[in-house]
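Visitor: Sequence order for the protein chains is S and V.
Under our numbering, the first residue of the first sequence carries the number 1, and numbering increases by one thereafter.
Under our numbering, the first residue of the second sequence carries the number 1, and numbering increases by one thereafter.
Please keep in mind that the hints were generated in silico from the structure rather than gathered at the bench.
Incorrect hints may appear among the rest.
[To be verified] Subject to a maximum C-alpha distance of 30 angstroms in a straight line, what follows is the list of computed DSBU-like cross-link-like pairs (lysine-lysine): (1) K82/V x K43/V; (2) K43/V x K137/S; (3) K137/S x K82/V; (4) K114/V x K43/V; (5) K114/V x K177/S; (6) K177/S x K137/S; (7) K177/S x K82/V.
Nothing here was measured: the structure is a model prediction, and the numbers come from that model.
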Amino acid sequence: MQKLILENYQPPGDVVMLTAAVRDLHRCYPGRYLTDVRTDCPELWQNNPYLTPLDAADSGVRVLNCHYPLIQVSNQRPVHFIHGFIEYLNEQLGLSITPTRMAGDIHLSDEERQQPSLVEEITGADVPYWIIAAGGKFDFTIKWWHFRRWQAVVNQFRDKIQFVQVGASQHYHPALKDVLDLRGHTSLRDLIRLVHHAQGVLCPVTLLMHLAAAVETTPGCHSTRPCVVVAGGREPASWEAYPGHEFIHTIGQLPCCAEGGCWRSRSVPLGDGDEKDEPQHLCVDTVNNLPRCMDMITPQHVSQAIRRYLDPGCPSRAERRTASLLDRGGPAFDRREQLLCR
Amino acid sequence: MNTTPTNNPPGGLDDPRLRPDFRQEFYPYVNGREAGPADASEKNERIALEFAAAYYDLNAGYERLLQARSRPDSPERRENEKKCLQSIDAILIVRDRLEDHYAPFGVIADPVVKDGFTVNVKLSFGNVNAAGRRRSELHTLTACVPIPLPEGINFEDLPIQIEGPGIHPD
């Protein structure tokens, strides 16, 4: 068997895409490769059945620094991010890997599946919730939607949806009101668990969007987790959007993204010395310093997208417990017990 | 199309500390410290002063409201209370405009409120991290590695030019 170490030190959203490539490499070529990885986010690889510890110093090991040059033609070719690393591996290894699932490959342990959600641990109640990320990193501020708009969406679902706000403390995540605030309080693994139990996800184009697709849902829920993405015109929907997600974009609606994503970095220069402040990386059409494509997306658009998901719903843990007891007890299951479960 | 983004504030800074009726107790700290001088020129310091001024005005307006409410009920009192609330509302609009204006630059201003008064404004900026270091700056580690010169060779005789702190070849 050939031994491969796949390296990538990009942010975790990109690494989620690498997990898909590793899965599909093994599914398409079973028993042919031993693989290990080197990334900045080992938590994304926990419980991954496709990894074997390998030593880069071993002469039989090939170390492959993985990229996704396919992104350069994402405005022209009908390709998704999921194809990015796969095509690179195909080129480098002379293979014909094809995607086997339109999502990354994140694995939970049995223990993690059985644990209550972080929200239940904090509140003591099995509250259904959506996760919201109302910001992002400083390198691509063009992805940010205005915090007041996120707040407006939260306000529209007051008493209907419990939102849980997440975000890394070193990134831009302004506090929202009437949410459970977990900003700066979740490790990557915590976030994965949080997504596992979440009824839905609301975010810009970010790691959370990839996790919404990649992390399994809880038993009794649809396998596709609701996710509303406020995307604008930076990236082509064909490259980023997952099946079952509401990907709100403006591709084709503005001159600057008429034929694809603009792939620019920042709305306005931050003055932090980063090259992304240079004119060629800046948004060319802003409204009050917000990219016009993001300005065009209103809280009403986002709320409508969320509403479309709400009817099917996802049973709470208590309801799932009830369902499980009902399965065991059959028709004779006592109504009182059913109520007690709730 | 707007290709020249601006970070000019919505209005000029009216530093309350320069007003004759300034009351120190209403002027909040910024990140736990005294705000910079009124003539500060550094961009983030100016932003901090703008938020401090907005929260000063809110504090002063809230104090006026408390005083109005402390009086016995009467039509005058109710009218005065209404005016105070309208004044606070106008200041909140100014504060919101500041927040809106600076949000795309990554500025977050979280007030720390005690008994209804803002005592501190926790500010974070898009261009620097919590330690005040520009976000794009690489971390620098410095190590001193003494390299003895070969016997009989003077530093000045070396056919190389070395620059650095503490090195003065001339």
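Visitor: Confirm or reject each hint.
Guide: So, going through the hints one by one against the coordinates:
no.: 1; hint: K82/V x K43/V; in the structure: violated, 37 angstroms
no.: 2; hint: K43/V x K137/S; in the structure: holds, 21 angstroms
no.: 3; hint: K137/S x K82/V; in the structure: violated, 43 angstroms
no.: 4; hint: K114/V x K43/V; in the structure: holds, 28 angstroms
no.: 5; hint: K114/V x K177/S; in the structure: holds, 18 angstroms
no.: 6; hint: K177/S x K137/S; in the structure: holds, 21 angstroms
no.: 7; hint: K177/S x K82/V; in the structure: holds, 26 angstroms
The structure does not agree with the numbered hints 1 and 3 stated previously, though it agrees with the rest.
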